[in-house]
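Engineer: Modelling step: build the complete structure from the supplied sequences, incorporating the hints.
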Amino acid sequence: MRDRLTIGTFRASALTIILTLAGILVFLVREGIPALTKKPFEGLRFAVHPSNPVQKLSADQCRALFQKNLAWPDVGGPHTPVLPIHLYNLERYVGSQATPEKIKAFLDSVAQVTGILVALPPTWLPTSLRPIRVEWSAWEALFGSTRWSPTYEPLPEVGLWPLLLGSLWVALLGLLITIPLGVAMAIYVAEFLPRTLYYPMKVLWEVVAGLPSVVVGFWGLVVLVPWLQKSFHLTTGETALTAALLLGWMTIPLMASLSEEALSNVPRLLVEASYGLGATPWQTILRVKIPAIRSSLLTATLLSAGRILGETMIVLIVSGNAPVLPTSPLSPVRTLPATLAAELGEAPVGSYHYHTLFFLGLILFLLTLAINILAYAITPAEKKT
Amino acid sequence: MPLRLPKKKPKRWGEKALTLVVATISWSMLIVLVGVIGFLAYQGGKVLSWAFLTTPMREGMQAGGIAPPLVGSLWVSTLALLIGAILGTATGAYLSEFSPKGRLHRLIELLVNTLAGVPSIVYGLFGLALFVVALGLGASILSGALTLSLLSLPILIRNAQEAFAGVSADLKLTSLGMGASPAQTFWRITLRLAFPRLITGYVLAMGRLLGETAPILFTVAAYYLPTYPRSPFEPTMMLPYHLYALITSGTNITQTYPMAFGTALVLVSLTLILTIAAAILRFRLKKRLHV
Amino acid sequence: MRARVGFLLIVLWGCAPRELITIKGSDTVLPVSQALAETYLELHPAPLISVTGGGSGVGIAALLNGDTDIAMSSRPLKLAERLRLTAAGRTLVEDTIAWDVLAVCVHPSNPLSHLTREALVAIYTGAVTNWKALGGPDLPIVVYSRESSSGTFEFFREHVLQGKDFAPSVRFIPATGTLVQSIAQTPGAIGYLGIAYLTPGVKPLALSDGAHPPTLPTKNRTALTTYPLARPLFYYYEARALPRLKPFLAFAHSPEGQRVIEKVGYVP
Chain A
152 MRDRLTIGTF
162 RASALTIILT
172 LAGILVFLVR
182 EGIPALTKKP
192 FEGLRFAVHP
202 SNPVQKLSAD
212 QCRALFQKNL
222 AWPDVGGPHT
232 PVLPIHLYNL
242 ERYVGSQATP
252 EKIKAFLDSV
262 AQVTGILVAL
272 PPTWLPTSLR
282 PIRVEWSAWE
292 ALFGSTRWSP
302 TYEPLPEVGL
312 WPLLLGSLWV
322 ALLGLLITIP
332 LGVAMAIYVA
342 EFLPRTLYYP
352 MKVLWEVVAG
362 LPSVVVGFWG
372 LVVLVPWLQK
382 SFHLTTGETA
392 LTAALLLGWM
402 TIPLMASLSE
412 EALSNVPRLL
422 VEASYGLGAT
432 PWQTILRVKI
442 PAIRSSLLTA
452 TLLSAGRILG
462 ETMIVLIVSG
472 NAPVLPTSPL
482 SPVRTLPATL
492 AAELGEAPVG
502 SYHYHTLFFL
512 GLILFLLTLA
522 INILAYAITP
532 AEKKT
Chain B
4 MPLRLPKKKP
14 KRWGEKALTL
24 VVATISWSML
34 IVLVGVIGFL
44 AYQGGKVLSW
54 AFLTTPMREG
64 MQAGGIAPPL
74 VGSLWVSTLA
84 LLIGAILGTA
94 TGAYLSEFSP
104 KGRLHRLIEL
114 LVNTLAGVPS
124 IVYGLFGLAL
134 FVVALGLGAS
144 ILSGALTLSL
154 LSLPILIRNA
164 QEAFAGVSAD
174 LKLTSLGMGA
184 SPAQTFWRIT
194 LRLAFPRLIT
204 GYVLAMGRLL
214 GETAPILFTV
224 AAYYLPTYPR
234 SPFEPTMMLP
244 YHLYALITSG
254 TNITQTYPMA
264 FGTALVLVSL
274 TLILTIAAAI
284 LRFRLKKRLH
294 V
Chain C
43 MRARVGFLLI
53 VLWGCAPREL
63 ITIKGSDTVL
73 PVSQALAETY
83 LELHPAPLIS
93 VTGGGSGVGI
103 AALLNGDTDI
113 AMSSRPLKLA
123 ERLRLTAAGR
133 TLVEDTIAWD
143 VLAVCVHPSN
153 PLSHLTREAL
163 VAIYTGAVTN
173 WKALGGPDLP
183 IVVYSRESSS
193 GTFEFFREHV
203 LQGKDFAPSV
213 RFIPATGTLV
223 QSIAQTPGAI
233 GYLGIAYLTP
243 GVKPLALSDG
253 AHPPTLPTKN
263 RTALTTYPLA
273 RPLFYYYEAR
283 ALPRLKPFLA
293 FAHSPEGQRV
303 IEKVGYVP
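Chains as they are written, first to last, in my numbering: chain A, 152 to 536; chain B, 4 to 294; chain C, 43 to 310.
Derived from the structure by calculation, the hints contain no laboratory data. Just so you know, even glycine gets a beta-carbon here, dropped at the ideal spot from N, CA and C.
Calculated Cβ distances over 12 Å to all of chain C for the following chain A residues:
no.: 1; residue: R155
no.: 2; residue: L405
no.: 3; residue: K440
no.: 4; residue: T452
Within a straight-line C-alpha distance of at most 25 Å, the following computed SDA-like cross-link-like pairs (lysine to any residue) qualify:
no.: 5; chain 1: A; residue 1: K255; chain 2: C; residue 2: T128
no.: 6; chain 1: B; residue 1: K49; chain 2: B; residue 2: R61
no.: 7; chain 1: A; residue 1: K255; chain 2: C; residue 2: L134
no.: 8; chain 1: C; residue 1: K206; chain 2: A; residue 2: L238
no.: 9; chain 1: A; residue 1: K381; chain 2: C; residue 2: T171
no.: 10; chain 1: A; residue 1: K381; chain 2: C; residue 2: L240
no.: 11; chain 1: A; residue 1: K255; chain 2: C; residue 2: E200
Structural biologist: Structure representation (structure tokens):
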């Protein structure tokens with residue numbers, strides 16, 4: 152009886168794992184998919200003066216008109232200046248304390264202007280104006296745009312590419328540090344380190360890997376950033392490279408320990424054969440052992456990449472935080488996790504921004520998921536030999 | 004143990020050079036670590052004192068101490084570890100001792116590996132959506148602890164699995180042979196023998212949890228709440244968030260730097276102590292079990 | 043076993059929710075609230091006050107959700123928010139707690155001492171990328187801004203950029219403290235910040251609102267009329283919560299409270 156209770160409870164605990172993963176997926180999808188299905192300007196209607204021939208606009212055109220980066224003639228409209236009136240700039244005209252009557256009066260008066268372009272809730276829309284369609288393609292907004300400006304109302308720019316590429320760029324730069332240094336350390340520890348120091352070295356690795364990332368980021372801010380700035384005469388030391396240096400360093404232990412484990416498990420037959428043929432230790436390492444652990448190295452690389460991609464605090468503190476497409480290691484960048492950390496606290500629950508952020512989280516989750524599954528798909532192949 | 008052939012000193016200078024290179028790289032990691040911690044220790048040591056650890060902050064966080072975030076962090080992390088340890092150990096036991104090694108077993112192991120790779124900020128998002136919003140717990144110690152416990156599950160499960168699997172199969176079989184049921188064998192033999200190894204894992208996990216920032220940003224951390232938590236439904240200050248707040252908020256950043264260094268030093272010291280303690284424990288265990 | 047039960051009892055006893063005033067919102071107002079809370083709690087230990095940042099938008103959203111007692115904001119309620127409130131039948135009280143002066147700063151080595159609004163717009167929309175176009179040294183402009191959740195960000199976008207959007211190369215810094223740090227370390231930098239964050243490490247520029255000659259940002263109350271970027275800082279709370287919040291609010295408005303505000307660096 153006690154047996155059944157024990158086993159049953161334990162099995163239930165094991166099921167929490169399934170629940171957790173399912174839960175993460177469910178919530179990310181539930182809160183993220185509305186970014187694809189909803190429009191940021193739900194509840195608003197766009198309209199123009201009846202004399203304006205324009206029938207529909209793309210979201211980009213509409214936004215450009217609001218910002219006065221485009222003029223009416225560019226989109227087939229009349230030769231009058233654009234007068235954008237929407238819920239978020241009404242205050243400029245009526246003041247933030249305006250009463251509904253005052254707002255209505257203002258709107259009625261301004262509806263006479265031929266160049267007007269409004270985005271208002273239906274109840275506020277002056278009846279004399281003619282509604283137009285503004286086309287919003289979520290897919291295009293998320294994956295076709297290269298600008299991330301999610302709070303520009305009423306037509307935010309939610310292009311994911313700067314963030315995604317920023318993440319990948321930092322990961323790439325970080326791996327350039329992690330892989331060579333990690334493998335070098337693995338070789339040293341597996342082949343040349345005196346055995347008495349084996350354990351202390353592994354402890355050292357664990358210590359480095361366990362450092363709180365916010366502390367490493369802080370150190371980077373006060374030491375690395377000014378040093379980089381001075382030494383290389385940069386406009387600022389807050390760059391993708393800075394973040395990559397710190398992240399790469401912190402991930403070395405992961406790479407090193409996985410590689411070292413693989414190195415130690417190279418079949419004796421191969422090693423003996425190599426030495427038997429007269430090869431020196433380094434010849435054996437470079438020509439026999441490393442090739443033999445190729446897929447383990449790939450696994451380790453993938454897992455290291457996943458770790459770097461998921462890191463938040465270091466990037467938030469030292470990478471410059473500009474959501475641009477990175478052009479050089481010295482560009483500032485904005486990564487997916489950093490965006491989530493910086494913006495989630497501010498997005499009201501249920502707003503379009505909130506949903507977009509969860510969509511970002513979903514992308515990040517799927518990305519790291521793919522990497523991890525790939526990594527584990529590769530490993531068994533080698534264990535079989 | 005790796006295959007070690009009789010140490011023949013590499014004769015060619017190329018060999019020596021390569022060896023020197025990898026040795027330098029490996030030891031440089033220690034030097035960098037010492038540099039980082041040494042710098043923090045030097046700067047943080049200027050503010051470190053008993054008062055620093057036991058009094059709240061004053062004068063807009065430019066003076067005083069970090070007692071509230073320290074206590075808050077300990078509360079949340081301990082609670083998280085408790086929840087994670089119970090769930091994780093039970094799951095590890097199931098995987099190692101009771102589960103028929105079939106499809107479900109492989110599925111769960113795959114899922115554990117998958118969860119290990121999920122970024123901590125995604126756990127934070129999940130915690131926000133589930134505990135804070137959907138379950139209505141709000142930003143509270145409970146939300147934060149639950150989120151952190153999920154984060155620590157993969158490590159704790161693997162740790163428990165290895166601990167239980169490490170108990171000699173002979174002993175388990177003997178116990179079963181003498182008529183004990185699998186559950187009895189587990190509780191009386193396996194668990195007791197695996198206990199030291201389990202503790203090691205818990206200590207290590209605690210070290211990691213104390214330093215986590217991303218999951219607590221939206222689930223528990225408050226900017227300023229200068230007392231000690233009285234209920235798990237309240238938010239609290241936390242060390243990693245406090246460090247982040249000190250270096251990014253506040254009207255006088257350079258004035259708060261000393262406090263930031265102190266906080267960083269305390270945080271890193273806690274992590275160091277726990278990590279090294281876990282390492283020493285494991286070392287002692289290895290020595291005891293290895294004949 | 044007994045120890046476990048005892049532990050549980052202690053835990054349960056502690057679970058009674060404590061009298062707590064939550065203040066949430068603008069990172070600009072954050073130091074004010076923190077200093078006020080600190081001083082107030084020294085005099086009146088209860089009720090407890092909890093201060094959290096996140097940006098004006100967060101605070102107001104939290105107030106609308108019922109997650110906070112006071113929302114601190116460096117911008118007035120948006121019309122959209124106001125309408126949403128009246129639709130929900132809630133009345134909020136708008137309480138001006140202090141004034142903030144927004145300073146536009148550059149690195150101390152920058153020879154420029156004032157900028158027109160048009161120049162600022164050109165810089166922040168990416169039309170001008172090098173200081174030499176404005177009569178300065180041949181140095182790329184490194185543009186800093188607050189994060190989009192910030193009321194300071196909204197204020198700047200609304201009053202300076204007047205509807206235009208920031209260039210993507212602008213660096214969006216999550217918190218003012220880091221922003222100041224970055225400007226102080228970067229010769230080509232420019233950024234805007236609340237006057238409370240002004241340190242000797244950065245150099246404020248004189249700005250003109252068109253009607254008056256360029257003036258430097260100042261904490262002088264009377265000078266507020268000539269400097270273009272002065273704004274009130276608000277506490278928003280529900281009218282029906284007033285009795286509970288009254289003691290703290292009274293303190294905030296008292297001479298002592300005002301002294302605390304001045305010490306933090308804002309204009310009472």
